[in-house]
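Given chain A, put chain B in place with the hints provided.
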Amino acid sequence: MSRYRTPRQPIREWLQVWLRQHRDAVLKARDYFRQSWLTSALTMIAIAVALAIPAAGLLAMQSAGQLFDFDTPRQITAYMKLDVDGQRLADIAKVLTQRPDVDKVDVMTRQQSLDEFRRQTGLDDALDLLPDNPLPAVLLIHPADSIRDSAALAGLRDEIRQNRSVEDATIDADWLNKLLALIETLRRLAWLAGITLAISVLLLIHYSLHSQIIRRHEEIQVVKLVGGSGAYIRRPFLYYAILLGAGGGLLALLMLKLALVLLAPSLQALSNLYHLEFTLSLPAMFAIGLVIAGIILSIAAALLTINALLRRIEPGTH
Amino acid sequence: MTRLPKPPMIECRYLGKRYADGQNALSEINLTIERGELVFLTGHSGAGKSTLLRLIALIERPSRGSLKVNGYELAKLPDLSIPRYRRNLGMIFQDHCLLPDRTVFDNVALPLQIAGAEPRLIARRTRAALDKVGLLRKEKAYPATLSAGQQQRVGIARAIVNRPAILLADEPTGNLDPKLSEEIMRLFLDFNRVGVTVLVASHDQALVHRFGERVIELKQGRLMA
Chain A
593 MSRYRTPRQP IREWLQVWLR QHRDAVLKAR DYFRQSWLTS ALTMIAIAVA
643 LAIPAAGLLA MQSAGQLFDF DTPRQITAYM KLDVDGQRLA DIAKVLTQRP
693 DVDKVDVMTR QQSLDEFRRQ TGLDDALDLL PDNPLPAVLL IHPADSIRDS
743 AALAGLRDEI RQNRSVEDAT IDADWLNKLL ALIETLRRLA WLAGITLAIS
793 VLLLIHYSLH SQIIRRHEEI QVVKLVGGSG AYIRRPFLYY AILLGAGGGL
843 LALLMLKLAL VLLAPSLQAL SNLYHLEFTL SLPAMFAIGL VIAGIILSIA
893 AALLTINALL RRIEPGTH
Chain B
3 MTRLPKPPMI ECRYLGKRYA DGQNALSEIN LTIERGELVF LTGHSGAGKS
53 TLLRLIALIE RPSRGSLKVN GYELAKLPDL SIPRYRRNLG MIFQDHCLLP
103 DRTVFDNVAL PLQIAGAEPR LIARRTRAAL DKVGLLRKEK AYPATLSAGQ
153 QQRVGIARAI VNRPAILLAD EPTGNLDPKL SEEIMRLFLD FNRVGVTVLV
203 ASHDQALVHR FGERVIELKQ GRLMA
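Chains as they are written, first to last, in this note's numbering: chain A, 593 to 910; chain B, 3 to 227.
Bound conformation, chain A alone (with noise of 0.2 Å):
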């Protein structure tokens, strides 16, 4: 049946023929635009702000992680009952020292804990009204390499404080934890909302499609009688989906670098005041990255849209 199947055609003269059919797609994807220019525009804005909005989160938390990058001081303080005495002290220390998970312990007796509180204060008269040295002496651990995450510095600093000459035990680096802690729930709020609004630009799609298509319902039914094929009637669709994804992508990039633009002083103020070395830039993977995601998006968005859509418009259905 060689009639009716693709006949044998010559490569050259195939890619002319396709070459052809995806300019006149390409075309037509425009016309798209044109004729209904500012519902386009409106979606695609639409899609910029969806695609801004998680991808201004992740940059923030990318910034801020960057931030913390740095080896963070990680030591364990164990302050001692008052009633501990030097030789005790050292006795503690050197079984300490012994364990695998601790690198090096540093020894504080209470005179040079007093010495160092009056060194940091200033406050030598306030002290010398006190009739004892109020100060424990303090034992800082420094864990070895191993001890790398917080649960297991956190499992040390609770055998620490078994021990019955021991007062109490904290972690240094507390708070730091937590606040990367709260990074990191942040990083994950910002996937969320990448996720929904991805959701809402693959509907905004659909739905731009989906009036494109109605709209258009007479000439595809014209084009399908007269030997359309599928990929012929579905091409301009794609190419309309893919420019508004693509638009929708650079907009959201244009959107990102104006608000940088625009917090660059405050930033630079926060930093000075913290002396911190903190820097928002858009990478250029990161910009790539956003608009690659406008561009699968709308092809997602138009293959589940086009091919349901179009197989329910057929010649003699009205």
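Check each hint, because a few of them may be wrong.
In silico lysine-lysine, DSS-like type, Cα no more than 25 Å apart, as pairs [what the hints assert, rightly or not]:
| id | chain 1 | residue 1 | chain 2 | residue 2 |
| --- | --- | --- | --- | --- |
| 1 | A | Lys620 | B | Lys140 |
| 2 | B | Lys70 | B | Lys181 |
| 3 | A | Lys673 | A | Lys686 |
| 4 | B | Lys142 | A | Lys620 |
| 5 | A | Lys686 | A | Lys696 |
| 6 | B | Lys78 | B | Lys8 |
Since the hints were made in silico from the structure, they are not lab data. These numbers come from a predicted model, not from an experiment.
Below, chain B without anything else, positioned relative to chain A:
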């Protein structure tokens, strides 16, 4: 290479079409139309003329029996092959199905554009088709600015532009006065003279008997002897 005798252009055997609502639109149609024949299909409205044309154009699938076009069984033609199959048909409708937002030229060129033809070839063939129906000077006009008869001729130009082997026309003169109707029918006779198989459905008995061609009558979905 031995040449086998070519099969008839259209061959129906016990062909039947029953719609989902239970209505029997066509029953036990046995019909052979040879290559290069011109056949008028007549009968009252609802007799099954349109259904037969729709089956041949694969707008509908047969319910029973066999329908072969150019030797190929249409019941077995996969959906994906329908577009390519239709490119070998020219179809003309009572309401001509022109696209209102395109010029006469673009309407007629549509089948060639779909096939991805070269622009120069499109221009040449489109003008040739428009010339045949006498509308060469209207190529830049929009369908709404043309008379009913001219619109129908644009529809005919579109149907013949890619030189189909079969021309199907469903009530092509339904909206036209007798003089225009005869002009349109004469066009079909012209195409038939150059070898195109033509099947024209019309309820106008007087008109179809005027040309001395084969006339087939349908009544309540059955062929009259």
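Right, here's what the structure says about each hint:
A distance of roughly 24 Å separates the Cα atoms of Lys620 of chain A and Lys140 of chain B; the hinted pair therefore holds under the 25 Å criterion. Among the hinted pairs, Lys70 of chain B with Lys181 of chain B is inconsistent with the structure: their alpha-carbon atoms are about 35 Å apart, more than 25 Å. Straight-line distance between C-alpha atoms of Lys673 of chain A and Lys686 of chain A comes to about 17 Å, which keeps the hinted pair within the 25 Å bound. Distance restraint check for Lys142 of chain B and Lys620 of chain A: the Cα-Cα separation of roughly 19 Å lies within the 25 Å cut-off, and the hinted pair is therefore satisfied.
Between the alpha carbons of Lys686 of chain A and Lys696 of chain A the distance comes to roughly 9 Å, so the proposed pair stays at or under 25 Å and holds. Only pairs whose Cα atoms come within 25 Å are accepted, and Lys78 of chain B paired with Lys8 of chain B is accepted, the gap being roughly 20 Å.
In terms of the numbered hints stated before, the structure departs from hint 2 and from no other.
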